[in-house]
Each structure stands twice: as C-alpha cells, then as structure tokens.
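Start from chain R and add chain Y according to the hints.
Just so you know, the sequences run in chain order R and Y.
The numbering of the first sequence is my numbering, which starts it at 1 and goes up by one.
The numbering of the second sequence is my numbering, which starts it at 1 and goes up by one.
Careful, some of the hints might be misleading.
Derived SDA-like pairs (lysine to any residue); straight-line CA-CA distance at most 25 Å [as the list claims (entries may be wrong)]:
| hint | chain 1 | residue 1 | chain 2 | residue 2 |
| --- | --- | --- | --- | --- |
| 1 | R | 15 | Y | 132 |
| 2 | Y | 108 | R | 7 |
| 3 | Y | 108 | Y | 91 |
| 4 | Y | 108 | R | 113 |
| 5 | R | 15 | Y | 115 |
Everything labelled a hint here was simulated from the structure, so no lab data went into it.
All of these numbers come straight from a predicted model, not from anything done at the bench.
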Amino acid sequence: MPMIEHQGGMMIAVKATLMRDLTLLLRHRGEVLNPLVFFALVITLFPIAISPDPQLLAIIAPGLLWVAALLAALLSLDSLFRSDYDDGSLEQLLLAPQPLAALGLAKVAVHWLLTGLPLALMAPLLGIMLALPAGSYAVLALSLALGTASLSLIGAIGAALTVGLARGGVLLSLLVLPLYIPVLIFGAGAVQAAILGDGVSAHLAILGALLAIALVLAPWAIAASLRISING
Amino acid sequence: MSLCLEARQLACERDDRWLFQGLDLDIRSGEIVRIEGPNGSGKTTLLKILSGQLSDYQGELFWNGVAMREVREHFLANLLYLGHAPGIKAGLSPLENLSWYQALSGEKSSQEGSEERRLIALENVGLAGFEDVPTGQLSAGQQRRVALARLTLTQRALWVLDEPFTAIDREGVAALENQLIAHAQGGGCVLVTTHHELTASPLLRRIVLA
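Extracted from the complex, chain R is given alone in its bound form (with noise of 0.2 Å):
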C-alpha cells in the first residue's frame, strides 16, 4: 500500500468542521437557546427586584447587561467541548494531520455565531426593559460583539483544559473569570461612555486589541490545553 504524502488542505478540514458544528448545534436548538433565555431572565428580574425607576435603572444598566452577558456566555462554555470529547470525535480531532489549533478556532468561531453574536443582537432589546439611555444601543451591541468574541476565545482554553473532568464547570468559571475582568470593564465601559456622550473609540478600540491578543494566542492554547486533556 503507498504511503500518503500529508496534502494539507487545512481550510477544506476547518471549513468542515465549522459546518458540522453548525449543523449540530442548530439540530439541537435548546444549547443555543439556553444563553439567550438566561440572559433574558436576569435582566427581566432586576427592574422588578430593585425599582422600576428609569433614572436609577439607566445608571446601572450597561453593567448589568454586561455581567449578564458575558454569564450568560459563560454557562455555555462547559458544553463547548463536551460532546466531542464523549463520543471520541475530539480523539480523533486530535489525530487529524491538520493544525489543532485552526481545528480548534473553528469550534470557538462556532460558539460565537451561535451565543455571543445572539447575545449581542439582544442585548439592545433588553437595553429597553432597563431604560438604557437613547443613543447607547448600537455601542452597547457592538462592544458586546466585540467583547464575546474575546470571551469565547478566553473561555475556550479553560473548557478545553476542564473538558477531561466530570463536574468541571466551577473550575472552569474561576479559571476563566479573571481573564474576563479586562474585557468587562472596558466593555461595560465603552457603554457608560456612550450614555455620558463621552468618545467611545478609546474603549472599542481597546476591545479590539484585546480580541487581536485573543485571536493569535488563543488558538495555540486552546491546542495545547486539549492535548493535555486527553492524553493526561
């Protein structure tokens, strides 16, 4: 039998893979839907906990929003690589003679289009229930497409590093919150900004380079965590 040179083809398998993903989660809608509601569950309840004056809601509803988004995202996280790694396609994603790390970005790419990218789309929605000033919902949607994508990115290493335990959801929150502190602030902040008619582009831009720093190193992390994972 001839040997096989290795052809590459690595954006034929990240492609595909990104397909696949896709097609599953959007088979199992109750995943992706899961976020959404929570998010919305928590943002229904504080007006009725804490007053339903607007003045006082417009002060506290970018960080709200945010702290609800980015759990939100979070919750999901554990499930990110889980189902691969039950059912040995994370093995055998591992012994592709393709990069892991590109394999990798495309599962988180996935995760995004299917919870942060929602996220960000709802979150003007929910902006109305807490009297979030005019003016701020189209800052507040893109520092939140912006922000999850650095959330998934971050949140990827620790579900991939976690993936290999039982119970490792707590772990994976503490491993990840930290990480997440940069972004929360100068995305809940890029949203203030906007309300006090403050420049917004210092924080977006902010925003921005944190998901460039996310998007080169991540990658490799998120390989060598899974590497770690499965073979102990």
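Leaving out everything else, chain Y in the frame of chain R:
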C-alpha cells in the same frame, strides 16, 4: 515504500505499577499484530502510545526509521485510529459523519468521486439504505459500523484498532477479519486488540502483555 513503525525500550507506568517495561516492537507492512492480555494489562495504553496520542511514557518511537516527533504529520496522514469511543456524531447522518472525516484528511466533500466513496464505504459495512438516518437512531452495532466504514473511506496504511469487534454481529466480524487480512496483503498493516479469536493467518503475529 514499505512502512515500518518501531518502538524501542517502551515503558509505561500507571498508578505506581509498570504496565510494561523494556518493550521492543517492530511493525512492518503486511502484518497484522494482535496485542493480547487480560483487562487492565495496558493494551489500550500501548495502542495510544503507538498512535502518538500519549506522551508520558519512556522509550522511543520511530516511523520509517525517523524519530516520531520529526515526522508526526506524515505519520498522522497515514494513520487510522479507532478507539473505544467510535468518534461518530449521533446528531449527524452516517454520510455527514463520513464527509467530515474526508475533510479532516484534506479531501473536499464536493470533490469528484468522494460522494461515491462514502456510499461504497457504507455499503461495505452493510449500511446501504441508512445513509441519511440520524446516527443516533441506529443500533449500537450499526453505529459501530459507521465508524468501521472509515476503513474503506480513506486510504491509510496503518490501522490501529482498539476492540473493533465490539457490538458487531458474527457475519460482520468475519467480514471485518477478511478486510484486515486484505489490508495486510495489500501492503498495509494492522495493529489490533480484541478478545475475539482471530482465524489463524500467516500474517498474524501476537504480542502478549503480562
């Protein structure tokens, strides 16, 4: 070019117990090597080491005479590993599962003849007519067969199969055995663990772990 996987002085320790020590192995084209041993003797661990998945072992691995870490990509491009978990997604149909595996080895699913290969691979394992059923609705044996369809789907010289006969019926076992022999005769090589009795063949070699 014939293939050759060598292991020199392999040793592996788990929970303060040596699974094996000083193990020398040569696996060449045209061989079926069966790893034997009771439960817990380290068969799966050995297969994982030999397929380059584990790193906490002592000793060295060579692929065609070159140290494994230098030719890992070439090794992986020629390796087909089937573990205890089938690596098959319950939410996807058998065809979709196979096309992902084709893509992982760099083959476009729209490429000419690749759809045909998927259909042939499924027909070979007796799954004709189940191509578009979600794999989760198939029986355990049928799900296993979807994983086994990968053997004919992509051309890989080295097969590493961990308990491939699990949940497979008697005819399926016979067909799979023939497939292993045909693969070895074609110049490939097979590394297998099983508790089934394999029919004696001049190509078959045993390695017993104590």
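Do the hints match the structure? See the list:
no.	hint	in the structure
1	15/R x 132/Y	holds, 21 Å
2	108/Y x 7/R	holds, 12 Å
3	108/Y x 91/Y	holds, 21 Å
4	108/Y x 113/R	holds, 24 Å
5	15/R x 115/Y	holds, 17 Å
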